[in-house]
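Those sequence lines, one after another, are chains A and B. Mapped onto the numbering used here, the consecutive letters of the first sequence carry residue numbers 1 to 507. Mapped onto the numbering used here, the consecutive letters of the second sequence carry residue numbers 1001 to 1507.
Worth flagging that the hints you see were computed from the coordinates, not collected in a lab. These numbers were taken from a predicted model, which means no experiment stands behind them. Hints may be right or wrong, so weigh each one.
What the hints assert, rightly or not - Example chain A residues on the side facing chain B (calculated, C-beta under 10 Å, incomplete): (1) G100; (2) A432; (3) S475.
Beta carbons: idealized from backbone N, C-alpha and C, even for Gly.
Protein chains: 2
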Amino acid sequence: MITGKNFIGNKLSAKGTDTHKTFNPKLNVENSFDFHAATLEEVDEAVQLASQAFKEYRKISGKKRSEFLNAIADEILALGDELVQTYMSESGLPEGRAIGERGRTIFQLQSFANLVASENWKQNTIDEAIPNRLPIPKDDIRKTSIPLGPVVVFAASNFPLAFSTAGGDTASALASGCPVIVKSHSMHSGTGELVASAIIKAAEKTGMPNGVFSNITGSGRIVGVALVKHPKVKAVGFTGSISGGRALFDIAAKRPEPIPVFAEMGSINPVIITENSIAKKSAEIASTYAGSITMGTGQFCTNPGLILTIENENTNEFIKDLAEKATAIAPQCMLHPNIKRDFVSNGASVSSQSGVEVVAVIEEEIEANFAPTQVSTVSGTDFLTNPKMHQEVFGPFSLVVRCKNEAQLVEVIEGLEGQLTGTILAEEEDYANLSEIVDALQNRVGRIIFNGVPTGVEVCESMTHGGPYPASSDSRFTAVGVGAIKRWVRPFSFQDFPKELLPQSLI
Amino acid sequence: MITGKNFIGNKLSAKGTDTHKTFNPKLNVENSFDFHAATLEEVDEAVQLASQAFKEYRKISGKKRSEFLNAIADEILALGDELVQTYMSESGLPEGRAIGERGRTIFQLQSFANLVASENWKQNTIDEAIPNRLPIPKDDIRKTSIPLGPVVVFAASNFPLAFSTAGGDTASALASGCPVIVKSHSMHSGTGELVASAIIKAAEKTGMPNGVFSNITGSGRIVGVALVKHPKVKAVGFTGSISGGRALFDIAAKRPEPIPVFAEMGSINPVIITENSIAKKSAEIASTYAGSITMGTGQFCTNPGLILTIENENTNEFIKDLAEKATAIAPQCMLHPNIKRDFVSNGASVSSQSGVEVVAVIEEEIEANFAPTQVSTVSGTDFLTNPKMHQEVFGPFSLVVRCKNEAQLVEVIEGLEGQLTGTILAEEEDYANLSEIVDALQNRVGRIIFNGVPTGVEVCESMTHGGPYPASSDSRFTAVGVGAIKRWVRPFSFQDFPKELLPQSLI
Chain A
1 MITGKNFIGN KLSAKGTDTH KTFNPKLNVE NSFDFHAATL EEVDEAVQLA SQAFKEYRKI
61 SGKKRSEFLN AIADEILALG DELVQTYMSE SGLPEGRAIG ERGRTIFQLQ SFANLVASEN
121 WKQNTIDEAI PNRLPIPKDD IRKTSIPLGP VVVFAASNFP LAFSTAGGDT ASALASGCPV
181 IVKSHSMHSG TGELVASAII KAAEKTGMPN GVFSNITGSG RIVGVALVKH PKVKAVGFTG
241 SISGGRALFD IAAKRPEPIP VFAEMGSINP VIITENSIAK KSAEIASTYA GSITMGTGQF
301 CTNPGLILTI ENENTNEFIK DLAEKATAIA PQCMLHPNIK RDFVSNGASV SSQSGVEVVA
361 VIEEEIEANF APTQVSTVSG TDFLTNPKMH QEVFGPFSLV VRCKNEAQLV EVIEGLEGQL
421 TGTILAEEED YANLSEIVDA LQNRVGRIIF NGVPTGVEVC ESMTHGGPYP ASSDSRFTAV
481 GVGAIKRWVR PFSFQDFPKE LLPQSLI
Chain B
1001 MITGKNFIGN KLSAKGTDTH KTFNPKLNVE NSFDFHAATL EEVDEAVQLA SQAFKEYRKI
1061 SGKKRSEFLN AIADEILALG DELVQTYMSE SGLPEGRAIG ERGRTIFQLQ SFANLVASEN
1121 WKQNTIDEAI PNRLPIPKDD IRKTSIPLGP VVVFAASNFP LAFSTAGGDT ASALASGCPV
1181 IVKSHSMHSG TGELVASAII KAAEKTGMPN GVFSNITGSG RIVGVALVKH PKVKAVGFTG
1241 SISGGRALFD IAAKRPEPIP VFAEMGSINP VIITENSIAK KSAEIASTYA GSITMGTGQF
1301 CTNPGLILTI ENENTNEFIK DLAEKATAIA PQCMLHPNIK RDFVSNGASV SSQSGVEVVA
1361 VIEEEIEANF APTQVSTVSG TDFLTNPKMH QEVFGPFSLV VRCKNEAQLV EVIEGLEGQL
1421 TGTILAEEED YANLSEIVDA LQNRVGRIIF NGVPTGVEVC ESMTHGGPYP ASSDSRFTAV
1481 GVGAIKRWVR PFSFQDFPKE LLPQSLI
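Here chain A stands alone, though its shape is the one from the complex (with noise of 0.2 Å):
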């Protein structure tokens, strides 16, 4: 049941006067709960419980966290049809993808419930003693992992479950040790509220302290800026915008004790294809781009916003037929009147540029929140002329530049951004002259996709969902995936510890 209230540990709080509705971009209208902001007194209520609960927490066996973890999966799904109807009426998103963001929620949580089950993740280390070692005796240091603090995670607009309350960010850290605080997303404050209320059910049914995790809600800046200034609070992550992101660790970079923030930002996913890939596979690879382009409203951090060609006798041919196929695509609702103000002004500020045409766009008058489809085109040259042209449209937007020839195309990936992503379309007689390409796209992104396209971030320990800057604030780790959980935590040593004092898993 939606109240509108935050979760101050494990108490429904509304202290605040501040209210704001969700909207459902679907009907075009508010959704009928009121949401109170956090007031900044439960906003440090919060963080008081949050950093008393670490005490305890972070003594709790692995075991126990992970039945924990598990236990909020449990719940989530107990939510049943409440939680899909909410999420649907806060995003516009269809049932299919509620269910299977659901799903990969519940996997996420999970994972790392097996993760922590055992004590392997620690990458714990042991290095004997060697008394009679000369000139001096070798002491007994052994190594492992624990955890930082209290984590504030900011939910994301685009993904109300995977990357939200109990996404990914928050299910590593709680399987790390750390008290997790939410900054609930104001898109989804209902979803988020119902999430939280089966992460504090699974919180009280398996014995953790008060205070392990709390929900907090806001629509202006106040609430997240208090989270991350407070001294309290460790470590920060979020996934969004390039200056919602930055703005974050600005603020917790400046702190008397500066924090990490793992921020997840912008990113505009540069493919590849080879003129033998386009020579060959014309037809498929525009029906497979036009899907892509469009999946989820185009609304995915991994969309390919940047199609990198070699202009010949095929390419404009290729870009028609890419275009079309993209804007024969039926066009979907988008997550609110916001984003797609912005979809829209951002695909026409790019397109405006010198140099790029657009080849093709819906116009045709669509319902009031759905996106209309643009495919856009520009030579190299002009390209790397105009780095505005860099700048994400976050929606179904894509730009195809046409390099004049190969050495064009490495000009513009070393002039890029960082990336989350690259993706290469290639055949197999380009196999002998690709490492320029390699090379030049690995220096600039997390992870490269060979012949596929880059949105689906699958969940595994070989995943990396992060990149130089901006994709994110800190390039060393990954969001998704199992090693999320080394944002976290920091190693520690103990020095000649006689074993009765030593953790089980050291010994």
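Got chain A sorted already, so can you dock chain B onto it with the hints?
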């Protein structure tokens, strides 16, 4: 041979007119060489060369990089007595220390050479494809670690070899595949140039690209700031003061593309001594700690600057004994007149706080740059009211806190800033009651030593040299031990790559 010039890649260069000399603190005279501060043009040239070299260096095999690191070690040894004499003349440290630190430096280089001779350190993982998985097939995803790009290393004042030109930061960054630009420490520019010449020789002998290493001189902030601001620099390593490290951190965080700064900064390394321990081993502990406080003239980042006791009938006698034994050790030379000046003023600042009593200090006339060892004491109640007593006094100084009971001792620990180390001196009968102290300490430090001294940092896999801020700027990494390589790399994934194009170690 010392020339007083910068190494811009493998070329000696001295375009600037600003010069400085180093200082022999033992003789209390300037050394003869003039060192030319790099111009901003030379700084840019070094970074451009490094960026160019990175394209090739990141693809050079671990085996070849291993040969390079081993060759550096050999060339440093080949510098022979000139290096030892220069080291002594620029630091006031004795010959035994020079030779010992050279050994440590060589061991570090060889450790990283061993590490990267195989690919294990990259923590490669492979998730094979599951083409028939439902509802969608699983892609083949393989993860490895790749280097960030050119790294700037700031040499430390207190370890002219092991934490300087070819110290742990340089060795780990070169091992990872990152070119290195060292900002030489102006107190030991001659030692720095000699070591730099060894690195350049080794690079040439093993066929490394020009620009893989540069050595930049300058006595003020200008050169260092320009290096950290340069857009082609991708990470920074620093060992030194909190103010210096924080200044670099702030500059790096404000860049259009923020970069990671790994700064190992201040620490007072609390030592907890239980009542049982003092009751049984008072004299022995006093002797051991008199040695640890004065070791290397107290100029170690792990120097025990804070000793926490519980006040009872034995405490005063222990403190008196410790102070007398520490001040009975012959005073030793400090690194530089400025270091001596700061030691005296910081020691006086702590000792002048309300409630602090100087137990013993060397008051007789000593040589110009020698350190007057000092031990002071204060009650736990006074300590808790005044954070000025937490400040690091770099040199042979320790403050003994007399807590009224264990609860107050835990409160003191919880109120401390982050530390590199904590030490517990305890007897077997204490083990059952130590958990609160261990927990509190673990949350404030990177390493706990049991019944030992914090000075002496073993170079091994299980070492953590780092800790919560301000011990280091990013507690998620260690600066000592082979784990230090993780600071300079990021995870990278290949998705559905043909075997022909995968790195050998991922097949």
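Review point. Minimum Cβ distance from S475 of chain A to chain B below 10 Å?
Key: Because about 4 Å separates S475 of chain A from the closest Cβ in chain B, which is inside the 10 Å limit, the hint holds.
Review point. Is the shortest C-beta separation between G100 of chain A and chain B less than 10 Å?
Key: holds, 8 Å
Exercise for review: Grab the minimum C-beta distance from A432 of chain A to chain B and call the hint holds if it beats 10 Å, violated otherwise.
Suggested key: holds, 8 Å
Going through the hint list in order, the structure satisfies each hint without exception.
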